[in-house]
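Student: Sequence:
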Amino acid sequence: MFSAIMNINFIKLSFIKMKKRFLGGIAILGIALLVFTGCEKMPEAEIQQAQVAIDSAKAVGADIYMAEAFAGAQDTMKVAMEKIEEQNSKWFKKYSVAKAKLVVATTMANEIKEKTIVRKAELKAEIEATYAEVKALLEEDTQLLAKAPRGKGGAAIIEEIKTDIATTTEWIEAANTDIKDTEYLVVLDKMKAAKEKATSIKTELTEAIDKVAAAKRK
Numbered sequence: 038m039f040s041a042i043m044n045i046n047f048i049k050l051s052f053i054k055m056k057k058r059f060l061g062g063i064a065i066l067g068i069a070l071l072v073f074t075g076c077e078k079m080p081e082a083e084i085q086q087a088q089v090a091i092d093s094a095k096a097v098g099a100d101i102y103m104a105e106a107f108a109g110a111q112d113t114m115k116v117a118m119e120k121i122e123e124q125n126s127k128w129f130k131k132y133s134v135a136k137a138k139l140v141v142a143t144t145m146a147n148e149i150k151e152k153t154i155v156r157k158a159e160l161k162a163e164i165e166a167t168y169a170e171v172k173a174l175l176e177e178d179t180q181l182l183a184k185a186p187r188g189k190g191g192a193a194i195i196e197e198i199k200t201d202i203a204t205t206t207e208w209i210e211a212a213n214t215d216i217k218d219t220e221y222l223v224v225l226d227k228m229k230a231a232k233e234k235a236t237s238i239k240t241e242l243t244e245a246i247d248k249v250a251a252a253k254r255k
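The sequence shown runs contiguously to residue 255 in the numbering used here.
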């Protein structure tokens, strides 16, 4: 009888020990799972993708032709990196917010790159069109100059206008030579200024010619 009781107690004690070991194992497994799921890896691939996209956008001139939008993509990238730095200092790291920002930065940069390429093509076409307009205006100015009145003081004015036409011609030819794809805005501004000058010369000559013609009709 005593032996049977001892056996029962031994079985109970063994069961209790097994239960403790089992529960302890579950606790350890739970902690391991918590650490594994709670400590995400730094999103290196996403960081690289975003940086490559931003660098590619800058390479085509996004910082010049889409400056505001490009700065926005850079700011988004900066915020993402700040979020990553915050998580790096924590025991349980969560990079979900940073990843989302990196995806946004990548998308923005890719879109900006495409828009920059389109914008540059538009500017180049506008430069070519404005150049052609100025050339035509200057040729018209030269023809009008031959008809301009040469009365008292007229010769000096004609020489001055002739110099303006020559200077403007040199200006647009120089601006239209070896245009760098980073200088489209600057070149276009020069072409527009030349167009204004050529137009003002045409107006001045036309008014002078019309004035003389009107006087002759009287």
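Calculated directly from the structure, the hints in this document are not laboratory data. Please read all numbers here as calculations on a predicted model, not as lab measurements. Quick reminder that beta carbons are idealized off the backbone N, C-alpha and C, glycines included. Where hints are given, some of them may not hold.
Pairs of lysine-lysine residues, derived as DSS-like cross-links and limited to a Cα-Cα distance of at most 30 Å, are as follows [what the hints assert, rightly or not]:
id	residue 1	residue 2
1	LYS172	LYS227
2	LYS157	LYS232
3	LYS199	LYS253
4	LYS227	LYS95
5	LYS184	LYS115
6	LYS78	LYS161
7	LYS131	LYS78
8	LYS184	LYS172
9	LYS172	LYS120
10	LYS199	LYS227
11	LYS95	LYS217
12	LYS217	LYS157
13	LYS157	LYS229
14	LYS199	LYS130
15	LYS232	LYS184
16	LYS217	LYS234
17	LYS161	LYS253
18	LYS115	LYS136
19	LYS161	LYS172
20	LYS95	LYS184
21	LYS115	LYS172
22	LYS136	LYS120
23	LYS184	LYS161
24	LYS199	LYS152
25	LYS239	LYS229
26	LYS253	LYS184
27	LYS217	LYS232
28	LYS227	LYS239
29	LYS229	LYS152
30	LYS248	LYS161
31	LYS229	LYS217
32	LYS157	LYS78
33	LYS253	LYS229
34	LYS131	LYS172
35	LYS234	LYS199
36	LYS95	LYS229
Label-pair ranges, simulated between beta-carbon atoms [to be verified]:
id	residue 1	residue 2	range
37	LYS78	LYS229	48 to 58 Å
38	ALA252	ASP226	38 to 48 Å
39	ARG187	ALA166	49 to 59 Å
40	VAL134	ALA169	33 to 43 Å
Student: None of the hints should be skipped; say for each whether it holds.
Tutor: Taking the hints in turn, this is what the structure says about them:
Our distance criterion of 30 Å between C-alpha atoms is met by LYS172 and LYS227, whose separation comes to about 13 Å. A threshold of 30 Å between alpha carbons decides the hint, and for LYS157 with LYS232 the separation of about 21 Å falls inside it, so the pair holds. For the hint linking LYS199 to LYS253, the alpha-carbon distance of about 25 Å falls within 30 Å, and the restraint holds. Of the pairs offered as hints, the one joining LYS227 and LYS95 holds, with about 24 Å between alpha carbons and a cut-off of 30 Å not exceeded.
Between the alpha carbons of LYS184 and LYS115 the distance comes to roughly 64 Å, so the proposed pair goes past 30 Å and is violated. At most 30 Å may separate the alpha-carbon atoms for a hinted pair to count; LYS78 and LYS161 exceed this at roughly 46 Å. With a C-alpha separation of about 9 Å, the suggested pairing of LYS131 with LYS78 holds against the 30 Å cut-off. Taken as a hint, the LYS184 and LYS172 pair is honoured in the structure, with Cα atoms around 19 Å apart against an allowance of 30 Å.
In summary, the hint linking LYS172 to LYS120 is not supported, as the alpha carbons are separated by about 56 Å, beyond the 30 Å threshold. Our distance criterion of 30 Å between C-alpha atoms is met by LYS199 and LYS227, whose separation comes to about 20 Å. For the given pair, LYS95 sits about 15 Å from LYS217 by alpha-carbon distance, which is consistent with the 30 Å threshold. Distance hint between LYS217 and LYS157 is fulfilled; the C-alpha atoms sit about 11 Å from each other, no more than 30 Å.
The hinted pair formed by LYS157 and LYS229 meets the criterion: a straight-line CA distance of about 17 Å does not exceed 30 Å. A C-alpha spacing of about 74 Å is found between LYS199 and LYS130, which places the hinted pair above 30 Å, so the restraint is violated. Annotation: proposed proximity of LYS232 to LYS184 holds, straight-line Cα distance about 21 Å (limit 30 Å). A hinted pair counts as satisfied when its Cα atoms are at most 30 Å apart, and LYS217 with LYS234 qualifies at roughly 24 Å.
With a C-alpha separation of about 47 Å, the suggested pairing of LYS161 with LYS253 is violated against the 30 Å cut-off. For the hint pairing LYS115 with LYS136, the CA-to-CA distance comes to about 12 Å; that is within 30 Å, so the pair holds. Distance check on the hinted pair: LYS161 and LYS172 sit about 17 Å apart at the alpha-carbon level, within 30 Å; holds. Taking the CA atoms of LYS95 and LYS184, the gap is about 52 Å. The hint is violated against a cut of 30 Å.
A distance of roughly 47 Å separates the Cα atoms of LYS115 and LYS172; the hinted pair therefore is violated under the 30 Å criterion. A hinted pair counts as satisfied when its Cα atoms are at most 30 Å apart, and LYS136 with LYS120 qualifies at roughly 9 Å. Only pairs whose Cα atoms come within 30 Å are accepted, and LYS184 paired with LYS161 is rejected, the gap being roughly 35 Å. With a C-alpha separation of about 42 Å, the suggested pair LYS199 and LYS152 falls outside the 30 Å cut-off, and the hint is violated.
Straight-line distance between C-alpha atoms of LYS239 and LYS229 comes to about 15 Å, which keeps the hinted pair within the 30 Å bound. Restraint check for LYS253 and LYS184: the C-alpha separation of about 14 Å stays at or below 30 Å, so the hint holds. About 21 Å separates the Cα atoms of LYS217 and LYS232, which keeps this hinted pair within 30 Å; it holds. Proximity of LYS227 to LYS239 is assessed by CA-CA distance (about 18 Å); at most 30 Å being required, the pair is judged to hold.
Among the hinted pairs, LYS229 with LYS152 is consistent with the structure: their alpha-carbon atoms are about 23 Å apart, no more than 30 Å. Only pairs whose Cα atoms come within 30 Å are accepted, and LYS248 paired with LYS161 is rejected, the gap being roughly 40 Å. With a C-alpha separation of about 18 Å, the suggested pairing of LYS229 with LYS217 holds against the 30 Å cut-off. Among the hinted pairs, LYS157 with LYS78 is inconsistent with the structure: their alpha-carbon atoms are about 40 Å apart, more than 30 Å.
A hinted pair counts as satisfied when its Cα atoms are at most 30 Å apart, and LYS253 with LYS229 does not qualify at roughly 36 Å. The suggested pairing of LYS131 with LYS172 is violated, with an alpha-carbon distance near 63 Å, which exceeds 30 Å. Annotation: proposed proximity of LYS234 to LYS199 holds, straight-line Cα distance about 12 Å (limit 30 Å). Restraint check for LYS95 and LYS229: satisfied, since their Cα atoms lie roughly 27 Å apart, inside the 30 Å limit.
At roughly 54 Å, the beta-carbon separation of LYS78 and LYS229 lies within the given 48 to 58 Å, and the hint holds. Distance hint check for ALA252 and ASP226: the Cβ-Cβ separation is about 40 Å, which falls inside the suggested range of 38 to 48 Å. Judged by the Cβ atoms, the range 49 to 59 Å given for ARG187 and ALA166 is violated: they are separated by roughly 35 Å. Remark: the range hint 33 to 43 Å for VAL134 to ALA169 is contradicted by a beta-carbon distance near 53 Å.
The structure does not agree with the numbered hints 5, 6, 9, 14, 17, 20, 21, 23, 24, 30, 32, 33, 34, 39 and 40 stated previously, though it agrees with the rest.
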